[in-house]
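A.B. asks: Please take these sequences and the hints and turn them into a complete structure.
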Amino acid sequence: MAARVAEEWLNACSGCEISLVDMGERLLDVLQLVDFVHIPVLMDHKYYGQLGDGRHLSIPEADVGIISGSVRNTEHLEVAHEMRKQCKLIIAIGTCATHGGIPALVNTFTNDEIMGRYYSTETTDRPDDFPSQGLPELLDRCYALDEKIPVDVYLPGCPPHSDQVFAALAGLLTGQPAALPDRSVCDTCPTIREGKGQVKKLRRFLQSPQYRSDEPLDRMRCLLEQGVLCMGPVTRAGCGGDKIDPRCISARVPCRGCYGPVKQNGNQMLGMLNALASNGIDVKSLPEIPSLLRFSGAHGRLRPAHKKEN
Amino acid sequence: MARTINISPITRIEGHAAIKIQLDDDGNVADSKVHFMSLRGFEKFVEGKPAEELPRIVNRICGICPWHHHLASNKAVDGCFGVTPPRAGQKLRELMQTIAHAEDKLLHFFFLAAADFVIGPDADYAARNVIGIAKANPELAGKVVKMRQMAKMILEKFAGKAIHPVAGVVGGFAKPLLEADRKEILAQMEELLEFALFTIEFAKTQVFPNYLDAVQTIGVINTGFIGTVHDDGSLNLYHGKIRMMKPDSTYTDFDPADYTDYIGEHVEPYSFGKMPYARFWNEGFSLDLDAPKGIYRSNCLARINVADRISTPKAQAELEEFREKFGRPAQATLLYHWARLIEEVYACEHAIELLNDPEITDPNIRVPAEPKAGRGVGCVEAPRGTLIHDYSTDENGLITRANMIVGTTHNLGPINMSVHQAAKTLIHDGHVDEGILNRVEMAVRAYDP
Chain A
1 MAARVAEEWL NACSGCEISL VDMGERLLDV LQLVDFVHIP VLMDHKYYGQ
51 LGDGRHLSIP EADVGIISGS VRNTEHLEVA HEMRKQCKLI IAIGTCATHG
101 GIPALVNTFT NDEIMGRYYS TETTDRPDDF PSQGLPELLD RCYALDEKIP
151 VDVYLPGCPP HSDQVFAALA GLLTGQPAAL PDRSVCDTCP TIREGKGQVK
201 KLRRFLQSPQ YRSDEPLDRM RCLLEQGVLC MGPVTRAGCG GDKIDPRCIS
251 ARVPCRGCYG PVKQNGNQML GMLNALASNG IDVKSLPEIP SLLRFSGAHG
301 RLRPAHKKEN
Chain B
1 MARTINISPI TRIEGHAAIK IQLDDDGNVA DSKVHFMSLR GFEKFVEGKP
51 AEELPRIVNR ICGICPWHHH LASNKAVDGC FGVTPPRAGQ KLRELMQTIA
101 HAEDKLLHFF FLAAADFVIG PDADYAARNV IGIAKANPEL AGKVVKMRQM
151 AKMILEKFAG KAIHPVAGVV GGFAKPLLEA DRKEILAQME ELLEFALFTI
201 EFAKTQVFPN YLDAVQTIGV INTGFIGTVH DDGSLNLYHG KIRMMKPDST
251 YTDFDPADYT DYIGEHVEPY SFGKMPYARF WNEGFSLDLD APKGIYRSNC
301 LARINVADRI STPKAQAELE EFREKFGRPA QATLLYHWAR LIEEVYACEH
351 AIELLNDPEI TDPNIRVPAE PKAGRGVGCV EAPRGTLIHD YSTDENGLIT
401 RANMIVGTTH NLGPINMSVH QAAKTLIHDG HVDEGILNRV EMAVRAYDP
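Chain order of the listed sequences is A and B. Note that the first sequence covers residues 1 to 310 in this note's numbering. Note that the second sequence covers residues 1 to 449 in this note's numbering.
Heads up, some of the hints might be wrong.
Per label pair, the in silico range of CB-to-CB distance [stated by the list, open to error]:
| no. | chain 1 | residue 1 | chain 2 | residue 2 | range |
| --- | --- | --- | --- | --- | --- |
| 1 | A | T74 | B | E370 | 44 to 52 Å |
| 2 | A | E137 | B | R323 | 42 to 50 Å |
| 3 | A | R219 | B | F280 | 50 to 58 Å |
| 4 | A | R219 | B | N210 | 54 to 62 Å |
Calculated pairs, DSBU-like style, for lysine-lysine (alpha carbon to alpha carbon, straight line, at most 30 Å) [said to hold, decoys possible]:
| no. | chain 1 | residue 1 | chain 2 | residue 2 |
| --- | --- | --- | --- | --- |
| 5 | B | K135 | A | K88 |
| 6 | A | K263 | A | K201 |
| 7 | B | K135 | A | K284 |
To be clear, the hints were calculated from the coordinates, so they are not data collected in a lab. As the structure is a prediction and not an experimental result, all values here were calculated from the model. The beta carbon of each residue, even a glycine, is placed where N, CA and C say it ideally should be.
C.D. replies: Given below as structure tokens:
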């Protein structure tokens with residue numbers, strides 16, 4: 001019998017859903033094994049009944065619930081609770097769900113600062129009040145999913161590679177859940193590392209690194225050893241999918257940490273600062289620090305800067 | 001008795017929105033609202049970040065069109081730091097953007113929209129979707145999945161990441177295109193062009209003819225349009241001047257850098273999403289169906305309306321046939337689906353043009369940049385419309401101010417109008433059923449928000 005699957009996106013961009021769709025021909029195999037009962041991006045099941053006359057938000061029962069996105073407003077919260085109630089197992093898919101993701105950069109500002117700027121840009125006709133009619137309320141900040149409901153399986157990535165989405169679904173259906181390795185991007189990166197000591201300062205990524213375009217990745221010097229910030233040491237491996245090579249490095253640009261910390265509860269900022277300091281690299285050469293948490297700013301890691309009182 | 005119909009969530013679109021329709025005591029439509037529920041605050045939280053990092057942050061605004069945010073952002077950062085990428089760097093950016101357009105339109109037509117036409121607007125919701133199409137027509141589904149995957153793999157194989165790309169960099173592009181890769185991508189794009197031509201023919205012969213009534217009734221409104229055109233007035237997705245056309249087909253062209261002189265953003269109390277309007281028309285803002293003020297639309301139908309012509313032969317032939325039938329500007333909302341497939345042909349043809357350009361394999365792809373104080377406005381045509389990123393930096397090259405006008409938002413006002421029109425046309429005497437409510441949503445889906 002096909003497994004019943006419900007899918008939801010919360011404070012999300014739809015990249016995870018597109019990664020699901022991008023499984024290619026494997027998608028058609030998955031559709032043979034999976035019975036989607038609710039997935040707003042592809043299917044018209046409605047929260048309040050198909051005639052829009054229900055009073056309570058409801059999602060059908062399912063064996064597996066897949067949730068992308070962080071929790072940022074009261075509707076996300078309501079949907080997350082309903083999914084938890086109706087699904088036997090919850091998969092947090094994508095780094096927004098597992099660690100807050102890019103939208104958790106919002107946590108360095110207050111809601112008033114965020115709304116204040118958005119509704120006063122140079123092109124905006126400033127309203128007297130911020131919009132609220134028929135709209136969910138913002139929570140005080142942006143939360144990872146497991147800060148609000150228990151999560152059974154974590155599948156980080158921005159987005160997770162289609163290979164891993166497929167492996168996770170196939171694994172669940174065969175009773176063997178696939179887990180990402182507790183390895184770092186560096187552990188899977190083929191670039192040449194010669195050792196510590198030469199780089200004292202990091203430079204910003206404003207010019208091309210040294211490499212020959214007709215040579216494969218394993219002939220390029222490690223970007224960190226070329227003096228460019230690369231988050232590989234503190235980022236979970238897997239972005240290359242079955243192909244293994246890290247994707248950003250393949251494009252000859254440094255890793256920025258999109259798979260989140262190597263271990264689920266790791267701290268990419270502290271880890272990176274330690275890694276730099278222990279290699280004798282001056283951390284003051286970074287243009288700013290909070291960006292080291294740009295993918296993992298939930299769980300209370302990013303907070304509004306302390307404002308001096310006038 | 002008066003009541004409210006709550007269509008939530010709007011499905012088979014990208015993002016979070018809901019429709020509320022108020023019926024009066026006689027069961028007729030008194031009012032309707034479309035609530036756009038996303039508010040993430042990118043304009044604020046990028047402040048203080050190194051500008052060169054923004055193309056890798058703001059691409060997360062949208063997982064369906066990350067290439068367009070990535071590249072508009074790259075252009076804006078180039079402007080802040082005062083650098084001009086080498087021609088090959090610019091062309092590689094444009095090639096990636098054009099291929100991203102090609103895969104996006106297949107996604108929308110087949111995965112999101114087609115079920116309403118191929119399975120039918122009244123079909124049970126459990127079957128009225130891409131899964132239903134896969135079961136009803138496995139051969140077509142197999143082909144669609146294969147073609148989309150091929151386009152995505154071109155982007156991933158060459159540029160590392162297809163979703164949330166990284167290969168556009170300040171000063172140009174991160175890696176050159178090698179001759180062997182060029183040949184391989186060219187062959188794949190030729191196959192994709194064949195499929196684009198098959199798709200539009202399939203739609204014109206087997207899909208659209210069955211829905212000509214719906215085209216005339218669902219979501220029809222009368223508005224202006226926005227899009228980017230080349231200096232010679234032809235359609236351009238990557239660079240050029242912005243053209244805003246009034247409903248009477250007169251138009252104004254302007255440099256994207258001057259956008260604040262032309263576009264305003266109105267705020268309604270029921271939508272987090274702001275509603276851009278043509279401020280320079282000096283008529284204010286109104287969503288009144290009979291007398292809209294300042295309202296224009298974006299995305300494919302808008303672009304092919306404002307363009308004088310299309311520079312590639314097969315897409316131009318399709319445009320001529322379309323204009324012959326529907327005039328210029330064409331206003332019927334469901335014609336977005338047709339316009340999208342014309343642009344699909346253009347995107348494939350134009351990618352092939354770029355791949356045949358000898359400069360595309362030039363290894364000179366990036367110039368170095370220095371952080372500095374400045375301002376840059378970057379603009380591209382995202383699938384959903386004219387996309388503007390506008391940044392200022394301080395002397396350390398950190399962002400001090402950012403404003404973004406995102407493609408879909410141009411259509412938020414018009415979507416409200418189309419929903420209101422569809423609801424009023426379709427709902428009478430309190431009678432609603434799933435098919436009627438789905439037709440109201442079809443008025444939204446055409447815009448691919």
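A.B. asks: Now tell me if each hint is right for this structure.
C.D. replies: Okay, the hints, checked on the actual structure:
Between T74 of chain A and E370 of chain B the beta carbon distance is about 46 Å. The supplied range of 44 to 52 Å therefore holds. Our hint of 42 to 50 Å for E137 of chain A and R323 of chain B holds, since their Cβ atoms are close to 47 Å apart. Our hint of 50 to 58 Å for R219 of chain A and F280 of chain B holds, since their Cβ atoms are close to 55 Å apart. The supplied range of 54 to 62 Å is met by R219 of chain A and N210 of chain B, whose beta-carbon atoms lie about 57 Å from each other.
Distance hint between K135 of chain B and K88 of chain A is fulfilled; the C-alpha atoms sit about 27 Å from each other, no more than 30 Å. At most 30 Å may separate the alpha-carbon atoms for a hinted pair to count; K263 of chain A and K201 of chain A meet this at roughly 27 Å. About 58 Å separates the Cα atoms of K135 of chain B and K284 of chain A, which puts this hinted pair outside 30 Å; it is violated.
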